Amino acid sequence: MSNLELIRGTVDMLVLRALVDAPKHGYAVAQWIRATSNEELLLEEGALYPALHRLAERGWVMSEWGLSENNRRAKFYSLTGEGEAQLTERRSSWERYAAAVGGVLNAESDG
Amino acid sequence: MGEEFQFHLEMIVDELVAAGWSREEAKNEARRRFGDPDLHSGACLRERERERKRREAGMKGFVNWVDGVRQDVAFAIRQLVRRPTTNGLAVATLTLGVGATALVYSVVHAVVLSGLPFPDDERLVRVGQTSPQGRIHSISEANFVDFRLRQTTLVEMAGMAVERPVLTFDDRAESAAGMRVSHTFFGLLGLDPLLGRAFLAQEDVEGADARVVVISEGEWRRRWGADPDILGTELVVNGVSRSIIGVVPSDRGWPGVGVFTPLAPLEVEERGSQDIEAIGRMRPGVSVEDVQSEMDVIAAALAELYPDANDGWGASVRPLQTYFVGGRQTRFGNLLLGAVGLLLLMACASITNLRIAQASGRRHEIRVRAALGADRRRLRSQLLVEGAVLALIAGPFAILFAKAALPLVRALGSSSMGRLDDATVGLPVLGVALAAGVITILASGLAPALMLEKDGGSGALRDRSSRGAGSRVRGALVSVQFALAVAVVLSAGLMMRSFTAMTARDLGIELEGMVVASIRMPVNEYAPEERVQHVGRLMDELEAIPGVVAAGVTHAPPFGWMQPSNFVADSENEPDRQEDFQRVSWRAVSENYFTAAGLTLLSGRTFERRDMESDGSHRVIIDRGLADTIWGSSSDPVGERLTWFMPGGRQYEVIGIVEPAQDERMDADTRPRIYRSYGSVAWYNPGVIVRVAPGSTSQVIPQLRETTARMLPAVPLIDPVRVQDSVRDAVAWPRFTMGILSAFSAAALLLAALGIFGVTAFGVTSRRREIGLRVALGARPAGVVALILRSSLGFAILGILGGLALAFGTTRLMTSLLYGVTPLDPTTWAAVPLVLATVAVAAAWLPARRALRIPARSAMVEE
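Read top to bottom, the protein sequences are chains W and S. Residue 60 in the working numbering sits at position 60 of the first sequence, and the numbers go up by one each step. One gets the working numbering by counting positions in the second sequence from 1 and adding 111 to each.
Rather than coming from a laboratory, the hints here were simulated on the basis of the structure. Just so it is clear, the structure is predicted and the values come from calculations on it, not from any experiment. Check the hints yourself; a few may be wrong.
Here are the simulated SDA-like pairs of lysine to any residue, each with C-alpha atoms no more than 25 Å apart in a straight line [unchecked claim]:
id	chain 1	residue 1	chain 2	residue 2
1	W	Lys-24	W	Ser-63
2	W	Lys-24	S	Met-112
3	W	Lys-75	S	Gly-537
4	W	Lys-24	S	Gly-113
5	W	Lys-24	S	Val-128
6	S	Lys-164	W	Ala-35
7	W	Lys-75	S	Glu-764
8	S	Lys-164	W	Met-13
9	S	Lys-164	W	Asp-21
10	W	Lys-24	S	Gly-537
11	W	Lys-75	S	Glu-126
12	W	Lys-24	S	Glu-121
13	W	Lys-75	W	Asp-21
14	W	Lys-75	S	Pro-366
15	W	Lys-75	S	Gly-146
16	S	Lys-138	W	Arg-17
17	S	Lys-164	W	Leu-87
18	S	Lys-514	S	Ser-492
19	W	Lys-24	S	Thr-938
20	S	Lys-164	W	Trp-32
21	W	Lys-24	S	Leu-127
22	W	Lys-24	S	Gly-245
23	S	Lys-138	W	Ser-78
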């Protein structure tokens, strides 16, 4: 199975989105993204954890230790207010970008 | 992080086990999938560290920015030092462009643009009258009084009449620059007296006969040694003793005037003689147009009240600035500014060219930097910083250049060119220089930045194709340079041709050995007949001085401000309307004037002493031009009669014909001339023309003064000068403009030559392989050089053609500044493209020859 290569700059946005509904641990974030994208986007651990740490350092997510669904100690990440704002902003510019690229690619040929 | 990763691994294991893997295999697989935990934790730490730094940088943003700029500047300086030749050339070009701009602007600012030395000078206007023909005239004294009383848009109005009063001291008489002014004059201009007071309203009415005088600070210091007790001292002005009541700082204020007396306008005087000037200060919020419309209404009312003198006469309101700075002066100023603008554009093109050449050479470096993560903004700012460093180096040089050249430029001009001596490299000039520098750097950084970006944006661009784009742009820049150079050189060429035509023409009068002065007879003391007698005796005495060949007077000296004209017609065929009379210029002269001026008698006789008497005043002498115009070129109209001024006017008898004299303006031909006898006018302030034997001018001049003082103690001889000096003044602007434009032409040719040299040299270098190959395949050397030359010269020729088209539009604007040559003068238009083409061939030939030295095997060795 070959996954799509993640475009630089989208990782942060995906991670933030993964945390919108509920706090998640790292594994759950990766799982959620994989599942929601129909197995197309695979966020490797080597990218996931630096991203989580980066976002934590920026204050867009915060982390706390808790118990996982199978009662193991795990580090849960949740969105901060600033993280939410950042997500909204990135999302709208991404949507414009995607629509624009789509428009170009689907343009009718000039002949 | 260990526990976090451990958890993650266990979750993967669970997932795999649930999918049917054995626990052992699942553990191995999970470890494989997860990757190296140490690597991940390292990445996490680095990420944290980087974010922390960024935050700190955000807080210390400015410090960081400065640090970045410092790095950029250091890098830029290393870059500049590494390429001393091209960067030296860029600095020199920038210095030339910006320096020339600063220089020309400082001159034009001083003589054309800068305001008057009065507070709020932009609120000052000159109010004049317009004739039924639409010409702007001065104003009559009586009309001035009415305009002043009726108007509401001006805070105040003042009248002034320029005169040259005679000041009589115990032992001598002297002439001074003077003015009769309204009591409102000093207050209106914002000049407060240093001592005493200005005139009072009651001193400024007709018949007041107030025996008061105000002197300038300059006169006070010169004549009275700045005596603090000067108020109340008596000063004899035009034979009337007046009490000094005030000292004003007017040497700085009203240029050059030293003695002020009350205007006391004649309110019942004939309104038809417009002989005083009126100025006003506008009320706040009032525009020149507002004043104009009000004055129009007043003029219409006055025309109705006094139709004899005022019918058809309107009003003219213009900023006072235009009274001091003539339209012609402004046009010369604009020409110089336009030319320096073209030169600056050329400098822009040159620097762009140099920087594109550098950028092409640096493409590798830029690629590496881009690959190492320098983003485009960073690269762009790097180029900008490099430009700014160039400008910072060139800026002081440009200012030094302007400062050093300014005295030379001032020496090229003359004192008749307004306030040229006030030209300094001051704040406004520095501002213009700064703007010129910034524009040049931004403009010249634009093309290289765009090209680099294109290059960096798609690394796939092949070397050769982008090099092709670079040389196309550079070629286009060479075309632009040649086009601009054509425009600059053409305008200089036209000015040169015009100046030559001006100075080479036959003036009729002989300048060499001619001294011009004037005398000022006190009006109140001498009746007209006495003036004629005095002048006759004085001329006899002057002619007795050793070294003096002849002496005569004229009521309007050569190249003076007074250029009287009138209308005449053949009395035999007198037209019914004055419009059909011949417009002539005229002079009232004494008997030896023609010898003194060096004018040859062609027919009849010149004046004799008896023609100066009142019964001889009907005799006139005309020039060949007037004889041709009225009676035809083969006529000898001696004995014919001319009607003066209007149908039924006074008739004059032609007694002689002289050669035409071009003695009014150097840059315009004089109208047909008629000479009346000095006796018929007895003008109180005539010019004295003295013809001096070769080599004795400097001994004669003091004796002229001495003799006049001995003969007529009450009559000062004013400013005896060689006429060449006043001719120098008459052609000051054309000569000045020609000088500056010639220097610009040299600079323009140099820049164009450097441009084509650089592009050709670049072409040879970048086509090394191709040339080597051709040589290896047996191409003839001449053919290879021709190949190189063809592409370079193509750009030059394109530019020259474009320049001719450009100049076709621009030189037309010079029409009014040219004498004896049209803007489309065939000689200039043929010569300039030839000069440019020669420069192009020579400058391209040198580097093109280098192609011959490229060894054939270089084709194999390189790449």
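Hints, verified against the model:
no.	hint	in the structure
1	Lys-24/W to Ser-63/W	holds, 9 Å
2	Lys-24/W to Met-112/S	holds, 16 Å
3	Lys-75/W to Gly-537/S	violated, 70 Å
4	Lys-24/W to Gly-113/S	holds, 18 Å
5	Lys-24/W to Val-128/S	holds, 22 Å
6	Lys-164/S to Ala-35/W	violated, 35 Å
7	Lys-75/W to Glu-764/S	violated, 125 Å
8	Lys-164/S to Met-13/W	holds, 22 Å
9	Lys-164/S to Asp-21/W	violated, 31 Å
10	Lys-24/W to Gly-537/S	violated, 69 Å
11	Lys-75/W to Glu-126/S	holds, 19 Å
12	Lys-24/W to Glu-121/S	holds, 16 Å
13	Lys-75/W to Asp-21/W	holds, 17 Å
14	Lys-75/W to Pro-366/S	violated, 89 Å
15	Lys-75/W to Gly-146/S	holds, 19 Å
16	Lys-138/S to Arg-17/W	violated, 30 Å
17	Lys-164/S to Leu-87/W	holds, 23 Å
18	Lys-514/S to Ser-492/S	violated, 32 Å
19	Lys-24/W to Thr-938/S	violated, 89 Å
20	Lys-164/S to Trp-32/W	violated, 31 Å
21	Lys-24/W to Leu-127/S	holds, 20 Å
22	Lys-24/W to Gly-245/S	violated, 91 Å
23	Lys-138/S to Ser-78/W	violated, 29 Å
Checked against the numbered hints above, the structure breaks hints 3, 6, 7, 9, 10, 14, 16, 18, 19, 20, 22, 23 and satisfies the rest.
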